[in-house]
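*Asks:* Sequence:
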Amino acid sequence: MRITPYGSGSVAKTAIFCATAFVAGLLLAQPGGAVVSAAASIYLAFTLWFYRDPERDVPLEPGTIVAPADGKILLNQCVDHPMTGPGSTLVSIFMSPLNVHVNRIPLDGRVLDVKYHAGKFLMAFDHRSMSDNERMEIGLDTPAGTVWFCQVSGFLARRIVCKLVKGEMVKAGSRFGMIKFGSRVDIFFPASVQIIAPIGMKTVAGHTVLGRIDCF
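Residue numbers for the sequence shown follow our numbering, so the first one is 136 and each next one is one higher.
Each statement offered as a hint is correct.
Taking lysine to aspartate or glutamate pairs in the EDC-like style, the calculated list, with each CA pair at most 16 angstroms apart, reads:
hint: 1; residue 1: K255; residue 2: D267
hint: 2; residue 1: K207; residue 2: D261
hint: 3; residue 1: K298; residue 2: E272
hint: 4; residue 1: K301; residue 2: D243
hint: 5; residue 1: K250; residue 2: D267
hint: 6; residue 1: K301; residue 2: E272
hint: 7; residue 1: K250; residue 2: E272
hint: 8; residue 1: K306; residue 2: D243
hint: 9; residue 1: K306; residue 2: D276
hint: 10; residue 1: K301; residue 2: D248
hint: 11; residue 1: K306; residue 2: D192
hint: 12; residue 1: K301; residue 2: D276
hint: 13; residue 1: K306; residue 2: E196
hint: 14; residue 1: K298; residue 2: D248
hint: 15; residue 1: K250; residue 2: E303
hint: 16; residue 1: K315; residue 2: D188
Calculated directly from the structure, the hints in this document are not laboratory data.
Remember, it's a predicted structure, so these values are computed and weren't measured experimentally.
Let the hints inform the model, and build the full structure from the sequences given.
*Replies:* In C-alpha cells:
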C-alpha cells in the first residue's frame, strides 16, 4: 500500500510512538500489557490506512476533466465568479473522513496563482464554508480559460497541504496536496466547459470524469 509523502512526518512520529507503546505493553503485567500493545498496533494500522494513496487510472483523452477529490458531489450549479466569469459552473465535492484524502489536478494547465485564506472551521456540508472557512485557492490557465478551485477545511480537517507553485505546468490527475480528515473541494469552471457530473455522484480523484473541453 502506497503512503502519501504528504503524511510522512505524521506517519514517522506515529510509528515511533506505537513501537514504543507496543514494546512497553510486552513488558507490562498481563492482561493490561496486551491491551496496550494491541491498541498501539491498531492505531498504527489506522494511521497507515488514513494516509493511503492508491494509484489511479487517469483518463488519457486530451481535454478530459477529472475529479480532484474522492467523495460525493454536493453542488453542480451555475454561478458568477470573479475569476472564471459569468455563467460559470460550480462543482463541490464533499470528502468524508473515510475517503482517500490526496487531491489531484482536474485538468491540464499552468498554475496562475495559489492563495491561502485563514478562516473558520464550519462543517464541510454547510455551503457557508466555501467563503468562511480556512481554504487554499488555486487558479489554472487552461485551454478552456481560467479554472479556479479551492481546498476547504472543515470541522475535523484542520490541515491543508498544497505543493503547487505559481507558474508550474500541471497534468490532469497528478497529485498536488491533501486535506487531512476530509472536508470539501470547490471547482469553478468557465461557461465554455460542459460538466456532466450530477449531484449525488460518487467521485474518485484522478479517475472520475466531470466533463470535457473541446479545445484540442
